[in-house]
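Colleague: Listed here are the chains, written in short residue letters.
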Amino acid sequence: MTKKIEAIIREERLTDVKEALYRIGIVGMNVFEVHGHGRQGGIALAGRTGSYRVDLLPRVQLNIILSDHNVEKTVETICAAARTGEVGDGVVFIYPVEEVIRIRSGERDRAALAYEGDIDTRRNGNGAHAASASAETRAA
Amino acid sequence: MDAINSGDTAWVMIATALVMMMTPALAFFYGGMVRKKNVLSTLNLSFITIGLISLQWVLLGYTLAFGASVDGLIGDLRFLGFAGVGAEPNADLAATIPHLAFAAYQMMFAVITPALITGAFVERIRFKTFLVFTLLWATLVYDPVAHWVWGLGGALRRLGALDFAGGTVVHITAGFSALAFAWVLGHRKWFGKAAMEPNNIPFTVLGAGLLWMGWFGFNGGSALAANGLAINALVTTNTAAAAAAIVWMFLSWRDNKPSVLGIVTGAVVGLVAITPAAGYVTPLSAILIGAVAAPISYYAMRLRLKRGLDESLDVWACHGMGGAWGALATGLFATRLVNPAGADGLFYGNPGLLVVQATAVIAVIAFAFGVTFLLARVLRRFMGLRVTSSEEEVGLDISEHGERAYA
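Chains as they are written, first to last, in the working numbering: chain A, 1 to 140; chain B, 1 to 407.
The hints are simulated quantities; they were obtained by calculation from the structure and are not laboratory data. Yeah, the Cβ is synthetic: ideal placement off N, Cα and C, and Gly gets one too. Be careful, since some hints might not be right.
With the Cβ distance kept under 8 Å, some of the chain B side facing chain A (calculated, not the full set) [claimed, not checked]:
#	residue
1	F191
2	G192
3	A195
4	E197
5	S252
6	N256
7	S259
8	M301
9	R302
10	D314
11	E403
Okay, chain B solo, but in the shape it has when bound:
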């Protein structure tokens, strides 16, 4: 039996708390950007996801993601209801911490991922349909992809794809699912005709700051130990966020003024891009990864607006494109000097890794987009995706929740 290391266990438990905090932080990040009449609804879409997915994960999600592999596609049901997941470490998943600590840490990733998608459908989604969608999406998209990438014997893991903390599992799945869902759902009333002003940009700045802090647990905790790799991940994370925030500032300055909403968005995009790479690259590479992520997401956002698609809070541009860039960048910048358990990328003499990373990116994009598109079509047919036009005009705070944010 492996021995539990108390330092590792303490760090992973703290990291679990940090990643948990990211979902309410995301609630504020998104909540600030919608109109006043939808702020509670938007906060709640993230908040209730903590409730929904925490239960789904204990009951079913964890075993689908991390149970013994069935042909590399999905986990078996051995951990159903957290059966056999206790104080003893699981040597294959995390050898020096209780198995339950690993499962709880992973739970917070499963929670925040569907919460990220909510940015696509704020201000018009029917709440009842959202609840059903989130449970089905976690089960049909997140759990399988987590298994492919992180599960023992998962198809993409066997292929050699690297994803340190969830560039593909979290950000590509959320970003491209957001795109598919927004496409099926359609735009908000008056989108593109009347200005839809953010009700509280300070909320968004607060949320972004807490996300940045939480990301130290997201990426640093993914070392699953309190060691040199964890601090490498923490430093690359901070560095990439800093670089992306500053590049975004200059991009928005060139087009108008250095927008605060833009600067904090840039920071989040840098955090997204470094996520798959954090434990495989050096801090210097992290500067490049963050700096390149900013224009990719910036121009993806402009393209999305130009095409008239109401993917309202740009989940695709920030998380989908940022995550895809990060996964490919891992294939460029990864080095065994940082992580002997990883691989060398193109710039360290191994072009093969880039091919593997690109394969994983394409597979996950196609799967997440495809399944979400079908799921949204089915739910539109059987439940209806949108509130009525007049409910939308009144705002979801009143029409869906019977509350208002400010008296």
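Pulled out of the complex, with its shape left as it was, chain A reads as follows:
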């Protein structure tokens, strides 16, 4: 079963979250700039005089597609790296994905998600190789 993790996090945590995900072998993701608010409501910014309230705050959304047996570890990693403990740390949603097709090769589902150095390669004990592959992916 394939899942989609949709994580909405603070902009300033993005680098930490990405680094943490690379370290466990999650190297593919899409990142969106989004605006919104939860219970926090908004913040006050400094204007010409005093301040004014802004209700939609900038956040980033990460979309990650992965096999369901990797979901827990990935979510834990995201939460640990994104958490500040203050109101506004964000949310994570998990959805089922019907099908995945890699356009270049036509591969489907788990084959379409697999690549050298990914989280499953590491799970199979090929850690050293995975780490270097992951570094190359990052450099690319």
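With chain A's structure known, arrange chain B on it following the hints.
Modeller: What follows is chain B alone, placed relative to chain A:
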């Protein structure tokens, strides 16, 4: 015949270029503060004013302002279409530079003044009505007031009112006209309910920096000569801007954080306040003039917001109140030691000047506010001042100009 002084002429021509640059600088100063969907419209309100008023000034404006006085109220038509305005100096207006250099320099003041007003009606003004308003306002408000204050035999000049570079002529007229126009026009949709975030504060910082530089031509050039008075004006200008920027920084820091938008606004307010005084006061007085200008405009802005008036970019608070303070401050701090052709103010033993300055301030406020209020009412009746509600929601870049700033 007076001889042309090449140093004076060169300086006034460079000052003309510096003051011309202030209108596009103002476009960026204002353009940064509006929402993304109105940035082109806002830039254009200033830019097209260069076109409109340059023509109006050559054809009609210059002679209304600087023609021979008709009862101290308006110039006659002797310079219609710049007739007789050429390479020869006009001894009464500026004895050592070509008459045309004086007229061109004054043109740039006539251009920037209506551009200042545009801050009052951004994000909702109907462009067609704005074009008509600007031409009528220049003819009915700016040209007469320029004549009263600067024209030979002008009523306020005869009274002894001092306005070195346009505190009353430029800033009070623009500021109080902005207030009147915004009052008739009404507020933007969602004003006071939803945050209206500036789309590009870096534009505003850039604009303020270029305004500061241009102001050396605005005030320094008003000496109409490359001499000691010009450098006094340049130094008082820089000093007042510096003092006002720093005081504004502390005011905004006390209320929240030292806002960059606030700091650059403070600098502009200091520049406004020193404008009428620049060639009459010392650099030390300029510190006080700038430092006091900041809280006056700061609290005027807060009052305006509290009253729920959408005078959107605070032309009244910055230019109207800053200009009024500067004109009164000239009555306090002016000294013949700086400019023998000027007068002594209250702090130099002559309370009479303050009375004259106050009279000029009140007269110009009443005239500018009154005429603009009527003009706006008439245009609302016959042309409509605002775009439709849905055009306003879409933004003026698309609805009025068919363009967008960023793809």
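Colleague: For each hint, tell me whether it holds in the structure or not.
Modeller: Structure-based check of all given hints:
Given the 8 Å rule on beta carbons, the hint for B:F191 is violated: about 12 Å separates it from the nearest Cβ of chain A. Residue-level restraint check for B:G192 is violated (minimum Cβ-Cβ distance to chain A is 10 Å; threshold 8 Å). Taken as an interface hint, B:A195 checks out: its beta carbon lies about 5 Å from the nearest beta carbon of chain A, inside 8 Å. At about 7 Å, the closest approach between the beta carbon of B:E197 and any beta carbon in chain A falls short of 8 Å, and the interface hint on this residue holds.
Residue-level restraint check for B:S252 holds (minimum Cβ-Cβ distance to chain A is 6 Å; threshold 8 Å). Annotation: interface hint on B:N256 holds; nearest CB of chain A at approximately 4 Å, less than 8 Å. Hint on B:S259 holds. Least Cβ distance to chain A is approximately 4 Å, under the 8 Å limit. Residue-level restraint check for B:M301 holds (minimum Cβ-Cβ distance to chain A is 5 Å; threshold 8 Å).
Using the Cβ-Cβ criterion of 8 Å, the hint placing B:R302 at the interface with chain A is satisfied: the shortest such distance is roughly 5 Å. Evaluation of the B:D314 hint against chain A yields a held restraint, the C-beta minimum of about 7 Å falling below 8 Å. Taking 8 Å as the C-beta contact cut-off toward chain A, the hint placing B:E403 at the interface is violated, the least distance being around 24 Å.
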